[in-house]
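> Using the sequences provided together with the hints, build the complete structure.
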Amino acid sequence: MAVITAAAEAFVSLSLQRRVQFSIKECLYLKFDLEMLGGLSSLKELVCEGNQHMTGNLRSLRALKDSLELEKSLYLPATARGGVGHKFQSISEVPSFIQAVHILLQRTPTPFGKGWLQRAFYWKLSTNSPDWYGWDNGSDNPSPPFFLQFIQAGPRLGWSWCDFDVHSCEINWLDAEPSCESNDYATYFEDLQLLERRRDFNFYSGFYVPPTEDQYRRLCEG
Numbered sequence: 001m002a003v004i005t006a007a008a009e010a011f012v013s014l015s016l017q018r019r020v021q022f023s024i025k026e027c028l029y030l031k032f033d034l035e036m037l038g039g040l041s042s043l044k045e046l047v048c049e050g051n052q053h054m055t056g057n058l059r060s061l062r063a064l065k066d067s068l069e070l071e072k073s074l075y076l077p078a079t080a081r082g083g084v085g086h087k088f089q090s091i092s093e094v095p096s097f098i099q100a101v102h103i104l105l106q107r108t109p110t111p112f113g114k115g116w117l118q119r120a121f122y123w124k125l126s127t128n129s130p131d132w133y134g135w136d137n138g139s140d141n142p143s144p145p146f147f148l149q150f151i152q153a154g155p156r157l158g159w160s161w162c163d164f165d166v167h168s169c170e171i172n173w174l175d176a177e178p179s180c181e182s183n184d185y186a187t188y189f190e191d192l193q194l195l196e197r198r199r200d201f202n203f204y205s206g207f208y209v210p211p212t213e214d215q216y217r218r219l220c221e222g
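The sequence shown begins at 1 in our numbering and counts up by one.
Bear in mind the hints are in silico, worked out from the structure with no lab data behind them. Backbone N, C-alpha and C define an ideal beta-carbon position, used for all residues, glycine too. Take the hints with a grain of salt, since some may be wrong.
Label-pair ranges, simulated between beta-carbon atoms [as the list claims (entries may be wrong)]: (1) F189 x Y133: 33 to 39 Å; (2) D136 x S96: 28 to 34 Å; (3) E93 x S139: 26 to 32 Å.
Distance condition first, Cα-Cα at most 20 Å in a straight line; then the derived DMTMM-like pairs of lysine to aspartate or glutamate [unchecked claim]: (4) K87 x D165; (5) K87 x D140; (6) K87 x D131; (7) K87 x D163.
Right under this line is the structure:
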């Protein structure tokens with residue numbers, strides 16, 4: 001890690017004073033932790049692509065939220081907590097993590113590609129989690145909602161657990177509902193209606209987190 005830190009500092013010291021850039025692309029064997037960026041308070045551009053040995057936590061970038069200007073959509077591998085395809089080890093760790101990441105999601109423009117954002121970077125519950133359980137793939141019942149999704153309705157952002165089809169748990173809103181007298185309310189209401197037509201909130205109605213295995217079995221039994 002010390003070698004990488006020295007290399008990063010050397011790179012930054014040679015950058016233009018008014019625009020400090022740090023770039024790591026397709027370094028398949030380079031081990032790098034996002035926590036290392038905490039000391040680069042003047043960092044303006046971060047380009048990170050194709051680094052399968054990256055570790056750390058997406059929340060580490062919160063400290064740079066006021067200075068950071070990403071060159072393109074940020075892509076972090078699953079090895080970094082919060083990277084694309086990351087698997088959470090428990091249901092309980094997700095709400096606080098998303099609340100922390102919400103600060104990054106409030107940036108305009110967002111540092112994340114729209115496709116990744118809609119599917120919440122393909123975050124899901126790990127099959128090694130004690131909260132995970134199996135189900136009958138041959139039945140007509142929905143699979144357990146072990147995936148995550150972000151939901152945008154007008155200016156309001158939220159998230160929910162879902163399956164990989166159309167069934168969703170209740171929405172955990174991150175932003176307050178727009179005032180019915182505001183200009184944003186009509187857009188919010190229309191987006192919400194469209195969302196309800198595209199997603200089925202009935203099967204997991206009342207659940208803001210995935211049901212336990214016993215609760216799921218009871219839901220399937222009707």
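> Would you mind marking each hint as holding or not holding in the structure?
Status of each hint after checking the structure:
| no. | hint | in the structure |
| --- | --- | --- |
| 1 | F189 x Y133: 33 to 39 Å | holds (37 Å) |
| 2 | D136 x S96: 28 to 34 Å | holds (33 Å) |
| 3 | E93 x S139: 26 to 32 Å | holds (29 Å) |
| 4 | K87 x D165 | holds (18 Å) |
| 5 | K87 x D140 | violated (26 Å) |
| 6 | K87 x D131 | holds (12 Å) |
| 7 | K87 x D163 | holds (14 Å) |
Hint check: a violation occurs at hint 5 only; the rest are consistent with the structure.
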